[in-house]
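A.B. asks: Listed here are the chains, written in short residue letters.
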Amino acid sequence: MKTIKESARETRVAREADVVVVGGGPGGIGAAVSAARNGADTVLIERYGHLGGMGTGGLVTIIPQLTDIHGKQQIVGLTQEWIDRLIARNAVDTPKKEHWGSMDPELVKYYFQRSFFYTRLDRVVYAALIDAEISKIILNEMVEEAGVKVYCHAWGTEPIMEGNHCKGVIMESKSGRQAVLAKVVIDSTGDGDLFPYANIECQTDIPAHFRIANLAVCFWVAGVDLKKVMDFRQNHMKEFVDLMRKANEYGGQGGFMPSNLPDQESIVWFHSRYPNKSQIDVEELTRVEFLGHKIAGKTIEFYRKNVPGFEKAFLVLTDPQLGTRSSRRMIGEYWLTEKDLSNNQPFEDTIAIFPDLDRGQDSLDHPNMYIPYRALLPKNVDNFLVACRAFSSDMHVQDYFNLIPHCIAFGEAAGTASALALSAGVGVKNVDIKALQKQLAKQGVPLPDVTIEVNYKYEGPTLKTPSFIPPH
Amino acid sequence: MSARPSVGTITETARQIKVFREADVVVVGGGPGGIGAAVAAARNGAKTVLIERYGHLGGMATGGLVNILPNLSDISGKQHIFGLTQEIIDRMEKRGGAFYPKKEHWGTTDRKVVEYYNNANMGNFYIRKDPNIGGKERVLYTAVVDPEILKDELNDMVQEAGADLLLHSWGTRPIMEGNTVKGVFFESKSGRQAILAKVVIDSTGDGDIFVEAGAEFDGSLDNKRRTAWLALITWVTDVDIKKADDFKASQPEKYAELIQELIKLGGYPHYMKGILKNQRNVIWYHSFQIQPEASDPKDVSELTRVDVRARKRALITYEFMKKHVPGFENSFIMQTGPQLGTQGGRRVIGEYTLSDKDMVSDEVFEDTIVVLANNDNREISAKHPALCIPYRCLVPKEVDGLLVACRAFSSTESFNQWFNIIPPCISYGQAAGTAAALALDASVQPRKVDYKALHKNLVNQGVNLPEVK
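Top to bottom, those sequences are chains A and B.
Residue 252 in the working numbering sits at position 252 of the first sequence, with consecutive numbering throughout.
Counting the second sequence from 1 gives a position; the working numbering is that position plus 472.
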């Protein structure tokens, strides 16, 4: 490997804080808001001009899987707060609360047709389709109100290491290379960008058939006469399916989802899966961007010409952020692996409960996944937390539990733990778990009673719909 | 636990950085200048790498939602800017992604035609008053392009030219050997890496690379000028524009009252109608109205503050209009600019610095690389409808191995404000990329490029240049 020597230099310290969070996606939002609300002087560094990561810039405008098979909402906390703020602005669509968990075939059919995300395992599931632009504003408000110091258009690139201690991070921006020093560093980059420099153990292998192996270039098409489209689909199903196949043959994309949001009747959403060698290889990211834009262009050409209702449609937006699904996965203090996908006994340090909905019968037998605090802690660095999809997990756990609400929950736990540790004058590894759980519960996070021995057995009706891997 | 002010510096130790590529030319920034530079360098045979921070090319023209290529002709309708800008418009035209006044209308004073373009979309970009004919309004050649189609088209152009592109990559720092730039360090998901090159072209818009290269520059910005203002553009769709127009026309006082109230709330009073012919229900809000704020596009805290504030104002505007103005009932915010709109920044001090006197000199430089229409300076424009730009304003003093091809070209701020927009930047890029390739062929530094050879090559590429005596 050819290298070049970069000489030593003095780098300006932009700020000193208690907690610095790198990355303003769902994990970073959760972490920064929670740390600041719990009294820590918090800095959030975000590469783009908006917060929300995949949920906004990635056009993955869906917060799914909030209720379990019994219809019980397991992910609440900051996720629900985001949704509540969207409700206040009429900028969200969700199944009605009284329908969560319902197995009424008519209801299930209704919601299935409305959105792919509203049903799982023959049941109605609480999921929220969100407005990306309004969400950007809401997330800004949440961090501002919490008192977080935000740097947008700033790229947190490297940890500043001193042995096993991380003193802060390097930040590149239009103001040049600067440092932010902090007592606790939270990696919410999605990809564990800080890991290689901090020698944090991780895995990066992903089998090609896994959902998380794919990149996405989502795009929105506007000017659609949705009623006309839906009537055509309903009355000419065969022709419609044929057209979707032809769209693919043309080099475009068959299949789309309606926005469903109030007043967005004219918008549909195209989602995609692009196989790749690695989501942290800059050449692969470039290749897929090209491909995705090419396909988006072909798609709009084909639909305008051939699909009723799309005559006046136009490509309004390709995602400002490339849709990434997974890359580095930490091997931390506790490593969540395949065997945990059948464990129904909560961990003593559980910080979140995630409904398990995508694995057919296996999900019925294991309706909830418990996440230990230790899954956010690296082995080798003493003041570092991971609050994003790079949490400590193997590929199997990662494939199902690295979505937006999950990452918010990691963030909420990490941010809260950081502030508690700083108040108590201990390291994040020695934070009082009971105090952490108590505080999280106070913030509206449902947590299990860890003192009870669980003997769960599924006793509901047999599964009718087959198991499948959803396209999110 | 409370905020503490910044203290001094930290020491980063020396280290080895992986060399990712070795190239002839590396272009930092894929905005209009970078596109021009990369395509021209690659077409002229240089092994070229283009580094872009976002996932798309086009800079302000795409991600900034400033999807307009203005002032391609002078006020009389004579086209001056050709070259790659015209090539881009031709390619966009083929895909139904461009809109501009018909050629036979350029320069016309016909009231009906003028009115048509005034109302077509973004009216004022198509029309200028001509003092030479008593201040009558005339139609200009200005093109509006679809930003999403443009992203794909620019990808194609760069690829067809054979340039190697790195998206999601932020070129941050020059690699120096004495006074000569030898490449750049860049950040990406692959970590910090280096690209070595014989010529580096700074197309970052803000001169991010030339600062650490030690080039002299002027970073002053006067808040009275457009160049100091940041803008976050918002598109709102599903507006019944006819209904809104009817309301404005039938109840002008009521409308004015509403807009006054909106201003008090902090919203945006003005919008532009319809961006493209296929986007009939779309309106466009610029965020620096009514009063631009003191700002600095080179300061990350300012970029953050303006971005956050502009979003809030967009929401205030949208909610207010939806509630109160007929035609907006079903509207929604379709998108905000994925890139914050920046309009000025640092300006390099080059071998030649363009200033106000160049707007009245009519000088034909021997190293002219483009002729630009001068449409926004009233009486001066009337007397001097176009002006020549010399290659030397892309060449920094003293620093070698570096060219500047973006709005940071060597100019005073008063000059820069008129000639730092998209088509001129494409032209600066085209010249810089060509010059870099010629310098490599001749084994000389870019500043030593043979002006005659550069002139000939640019003319062959379709750039409109005057005869040099």
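Don't take each hint at face value.
Cross-link-like lysine-lysine pairs, in silico, DSS-like; alpha carbons within 25 angstroms at most [unchecked claim]:
1. B:Lys736 <-> B:Lys726
2. A:Lys305 <-> A:Lys72
3. B:Lys715 <-> A:Lys227
4. B:Lys829 <-> B:Lys715
5. A:Lys305 <-> A:Lys294
6. A:Lys5 <-> B:Lys519
7. A:Lys5 <-> B:Lys490
8. A:Lys298 <-> B:Lys566
9. A:Lys312 <-> B:Lys829
10. A:Lys464 <-> A:Lys72
11. A:Lys174 <-> B:Lys490
12. A:Lys312 <-> B:Lys714
13. B:Lys566 <-> B:Lys745
14. B:Lys829 <-> B:Lys855
15. B:Lys696 <-> A:Lys174
Partner residues aside, some chain B positions facing chain A, computed with beta carbon under 10 angstroms [what the hints assert, rightly or not]:
16. Glu484
17. Gly527
18. His552
19. Asn627
20. Leu637
21. Asn651
22. Thr652
23. Lys654
24. Asp678
25. Ala728
26. Glu774
27. Tyr790
28. Pro810
29. Lys920
30. Lys924
For each label pair, taking beta carbons as the anchor points, the in silico distance ranges come out as [as the list claims (entries may be wrong)]:
31. B:Arg487 <-> A:Arg12: 15 to 23 angstroms
32. B:Val931 <-> A:His209: 52 to 60 angstroms
33. A:Glu98 <-> B:Ile489: 53 to 61 angstroms
34. B:Glu835 <-> A:Leu291: 42 to 50 angstroms
35. B:Arg487 <-> A:Val426: 51 to 59 angstroms
In short, the hints are calculated from the structure, not lab data.
Just so you know, even glycine gets a beta-carbon here, dropped at the ideal spot from N, CA and C.
A.B. asks: Now, for every hint given, state plainly whether the structure supports it.
C.D. replies: Hints versus structure:
Using a Cα cut-off of 25 angstroms, the hinted pair B:Lys736 and B:Lys726 holds, with the two alpha carbons roughly 16 angstroms apart. Taking the CA atoms of A:Lys305 and A:Lys72, the gap is near 46 angstroms; set against the 25 angstroms cutoff, the hint is violated. About 22 angstroms separates the Cα atoms of B:Lys715 and A:Lys227, which keeps this hinted pair within 25 angstroms; it holds. With a CA separation close to 48 angstroms, the supplied pair B:Lys829 and B:Lys715 exceeds the 25 angstroms bound.
A hinted pair counts as satisfied when its Cα atoms are at most 25 angstroms apart, and A:Lys305 with A:Lys294 qualifies at roughly 17 angstroms. Using a Cα cut-off of 25 angstroms, the hinted pair A:Lys5 and B:Lys519 holds, with the two alpha carbons roughly 23 angstroms apart. A hinted pair counts as satisfied when its Cα atoms are at most 25 angstroms apart, and A:Lys5 with B:Lys490 qualifies at roughly 9 angstroms. Simply put, A:Lys298 and B:Lys566 have alpha-carbon atoms about 14 angstroms apart, close enough for the 25 angstroms limit, and the pair holds.
Between the alpha carbons of A:Lys312 and B:Lys829 the distance comes to roughly 49 angstroms, so the proposed pair goes past 25 angstroms and is violated. Restraint check: the Cα-Cα separation between A:Lys464 and A:Lys72 comes to about 21 angstroms, which is no more than 25 angstroms; the hinted pair holds. The suggested pairing of A:Lys174 with B:Lys490 holds, with an alpha-carbon distance near 23 angstroms, which does not exceed 25 angstroms. Under the criterion of a C-alpha separation no larger than 25 angstroms, the hint pairing A:Lys312 with B:Lys714 is consistent with the structure, at around 17 angstroms.
Between B:Lys566 and B:Lys745 the alpha-carbon distance is near 24 angstroms, which keeps this suggested pair within the 25 angstroms criterion. Distance restraint check for B:Lys829 and B:Lys855: the Cα-Cα separation of roughly 13 angstroms lies within the 25 angstroms cut-off, and the hinted pair is therefore satisfied. Pair hint B:Lys696 plus A:Lys174 holds up; C-alpha atoms about 22 angstroms apart against a cutoff of 25 angstroms. Given the 10 angstroms rule on beta carbons, the hint for B:Glu484 holds: about 5 angstroms separates it from the nearest Cβ of chain A.
About 5 angstroms separates the beta-carbon of B:Gly527 from the nearest beta-carbon of chain A, less than 10 angstroms, and the hint is met. A least Cβ separation of about 31 angstroms between B:His552 and chain A goes past the 10 angstroms threshold, and the interface hint is therefore violated. Taking 10 angstroms as the C-beta cut-off, the interface hint given for B:Asn627 holds, the closest approach to chain A being about 5 angstroms. Below 10 angstroms, beta-carbon pairs count as interface contacts, and B:Leu637 has one with chain A at about 6 angstroms; its hint therefore holds.
The beta carbon of B:Asn651 comes no nearer than 16 angstroms to any beta carbon in chain A, farther than 10 angstroms, and the hint placing it at the interface is violated. Proximity of B:Thr652 to chain A is violated relative to the hint, the smallest CB-CB distance being about 14 angstroms (cut-off 10 angstroms). Hint on B:Lys654 holds. Least Cβ distance to chain A is approximately 9 angstroms, under the 10 angstroms limit. Look at B:Asp678: its Cβ gets to within about 6 angstroms of chain A, closer than 10 angstroms, so that hint holds up.
Hint status for B:Ala728: violated, given a least beta-carbon distance of 26 angstroms to chain A, over 10 angstroms. The beta carbon of B:Glu774 is positioned within 10 angstroms of a beta carbon in chain A (closest approach about 9 angstroms), and the interface hint is therefore held. A cut of 10 angstroms between beta carbons decides the hint on B:Tyr790: the least distance to chain A is about 9 angstroms, and the hint holds. Checking B:Pro810 against chain A by beta carbon gives a least distance of about 3 angstroms; that is within 10 angstroms, so the hint holds.
Interface restraint check: B:Lys920 against chain A, minimum CB-CB distance 26 angstroms, threshold 10 angstroms, status violated. The beta carbon of B:Lys924 comes no nearer than 36 angstroms to any beta carbon in chain A, farther than 10 angstroms, and the hint placing it at the interface is violated. About 19 angstroms separates the C-beta atoms of B:Arg487 and A:Arg12, a value consistent with the hinted range of 15 to 23 angstroms. Between B:Val931 and A:His209 the Cβ separation comes to about 56 angstroms, which falls inside the hinted range of 52 to 60 angstroms.
Between A:Glu98 and B:Ile489 the CB atoms are about 59 angstroms apart, so this pair conforms to the stated range of 53 to 61 angstroms. Taking the beta carbon of each, B:Glu835 and A:Leu291 are about 48 angstroms apart, inside 42 to 50 angstroms as hinted. For B:Arg487 and A:Val426, the hinted distance range of 51 to 59 angstroms is not satisfied, since their beta carbons lie about 33 angstroms from each other.
Hints 2, 4, 9, 18, 21, 22, 25, 29, 30, 35 from the list above are not met by this structure, while the remaining hints are.
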